[in-house]
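Chemist: Generate coordinates for the entire structure from the input sequences, incorporating the hints supplied.
First to last, the protein sequences are chains A and B.
For the first sequence, the residue numbers in the working numbering are 1 to 129.
For the second sequence, the residue numbers in the working numbering are 1 to 481.
Heads up, a few of these hints could be off.
As a list, the in silico DSSO-like pairs of lysine-lysine whose alpha-carbon atoms are at most 27 Å apart [said to hold, decoys possible]:
hint	chain 1	residue 1	chain 2	residue 2
1	A	LYS25	B	LYS324
2	B	LYS283	B	LYS324
3	A	LYS41	B	LYS324
In silico negatives: residues of chain B with every beta carbon more than 12 Å from chain A [stated by the list, open to error]:
hint	residue
4	GLN27
5	ALA39
6	ARG52
7	ARG162
8	PHE171
9	PHE218
10	ARG233
11	LYS246
12	GLU251
13	VAL289
14	PRO396
15	PRO446
16	PRO457
Hints listed in this document are in silico derivations from the structure and should not be mistaken for laboratory results.
These numbers come from a predicted model, not from an experiment.
Beta carbons are placed, not taken as given, at the ideal position from N, Cα and C, and that holds for glycine.
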Amino acid sequence: MEFTLITGRSIEQGCTKEHAKITDKYMASVTLCEMHPEDMKRLNLKDGDNIKIMTDVGSVVVKVRRSRRIRDQGIIFIPFGPWVNAILPSETGGTGMPPLKGFRVRVEPTSEPVLSLKDLIVKSYGDKG
Amino acid sequence: MQTIYGVVCPFCGCCCDDIEIIVEDNQIYDVRNACSLGASKFMEYHRNRNTRPLIRRDGKLVETSLDEAIERAADILAGASYPLLYGWSNTSCEAVRVGLEIAEEVGGIIDNTTTVCHGPSILAIQEVGLPACTLGQIRHRADLIIYWGSNPWSAHPRHIERYTALAEGRFQRAAWKRYLSKLILETARKKRYRAASLAFKSEVAERLLKEEEEERWFLPPPEERKLVVVDVRKTRSADLADIFIKVRPNEDYEVLQALRALIRDEDLDVDEVAGVPVEDLEKLADLMVNARFGILFFGLGLTMSEGRSRNIEAAIKLTRDLNKYTKFLIMPMRGHFNVTGANVVFTWQTGYPYAVDFSHGYPRYNPGETSAVDVLYRGDVDATLVIASDPVSSFPRKAVENLVRRPLIVIDPCLSSTALMADVVIPSAFVGIEAEGTTYRMDHVPLPLKKVVEPPPGVLPDEEILRRILHRVRERKGKAS
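Modeler: The structure is reproduced here in structure tokens:
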């Protein structure tokens, strides 16, 4: 199913983004996707289920949570972080700014696990050591 | 125990300067007046700390001496033909100044985090200017406050309380009581919804839910402050607002231009724009024109969406149009505490605020060509120095792939995602906690950052580390004094 992906800040992500990037708390805050309750019904998802988000750049597994803050179906929100950035394109259209909000993605339920930060980096960028 | 007053918070662009830190035996015991973001940094900065210089040997990061790490960093930078020096927004202006010297010395590109936050805003400001002011003026005078594509509740938690709707100004009263009453009503409705859901009265629950989702306009009397939030989702900031306007993603430009047309008394031949009924836009246009002092704060919702710099240009032109009728200003919501300072120092030293290329021997500036994501995406750079930033977390994938493939130096107080992929890691002191310096608030007001505790033994401030690297680079180029 296709969605428009919005990225942004959350207070939980903010509390850990500067000094605690390697902690589970940071990981929990940026691997959480907010989705409209009707979309969750259509995908047969419950709070805490894993979903795979895919673009032409790659795919990433995160957890899903229903949110009434998303008022329109077809929109999902994930806080800024290495997980969501691993599937976003790098072309800036001559502005220097890649399209980090409002990007079209495909979403499907999955039983694959959410990768830890280290595993995500190794999977996405290779093992430097 | 000692209480240190008037500490400037080194977290977001608000740079709150009323923080009180309670210190004993070189440890922070408590912090007062800070928001949850600032408090978490002051109270937890020492956890997950890296205090040892690291160097990559046989594919593994191993401990080394500071001198060796600096020598290796200088080797990498002096030996590169087109290095990138990136970050700079979470450190002091003094450190940025030294960074610019290194960039010029090695003939590289230097860019700050503006490139992936308000870079498009700067491009627009260079096209059409910016009717700006200080946050103090807004606190005392603004009677219409608009946050567009910005969620201060999450990213700048004290912004509304210190500078806008909830601040007690000389000529404008705080709107605390109104927001508290609204909060009580909303909480009561949510409780009724939960009770109805539990009792399986689905019709009642659905009606209450619809009531909650209906965007009602709670307009206060004309003389009181009004808060408007325009966003694609109902953020916590929107919960506080008198008016919340929900736009479809990537269609802010259309709404801004529609408002410009309405302000010029032109008719729109459509019923809605980007999902917003024209009737609502007309009411908003009326509010704007009738404000005595309006301010539009905009965030990454405009800079990162389709249109990017054109969105900002439309927003600035909207405020320009409004100034024919009233006083209306506009300000970007800057994220890192010294991203504005990085722009100021870059401009003061080179003439350009970010994405500066020294490869020709003089500063060149062409975002889209000389900006960090572009040079990395194209694979142009052959080494990178990252300071006070974490591009492995904040850059898109292809750019990061090229970043980690080449020699990488990281200067950071903590082990970030980027540090895990680095070849040289130099630990530094937390600026604003363990090192002093100068920062610029989002409205370009310079403020002094305080040192409230000593850094761990052997850990130096960014400025000192950069000076040592600069000295070693000059030695290699035969220019050491």
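Chemist: Next, verify each hint and record whether it holds.
Modeler: Against the structure, the hints come out as follows:
no.	hint	result
1	A:LYS25 / B:LYS324	50 Å, violated
2	B:LYS283 / B:LYS324	18 Å, holds
3	A:LYS41 / B:LYS324	50 Å, violated
4	GLN27	15 Å, holds
5	ALA39	9 Å, violated
6	ARG52	15 Å, holds
7	ARG162	17 Å, holds
8	PHE171	31 Å, holds
9	PHE218	18 Å, holds
10	ARG233	5 Å, violated
11	LYS246	6 Å, violated
12	GLU251	9 Å, violated
13	VAL289	28 Å, holds
14	PRO396	4 Å, violated
15	PRO446	22 Å, holds
16	PRO457	19 Å, holds
Consistency note: the structure conflicts with the earlier hints numbered 1, 3, 5, 10, 11, 12 and 14.
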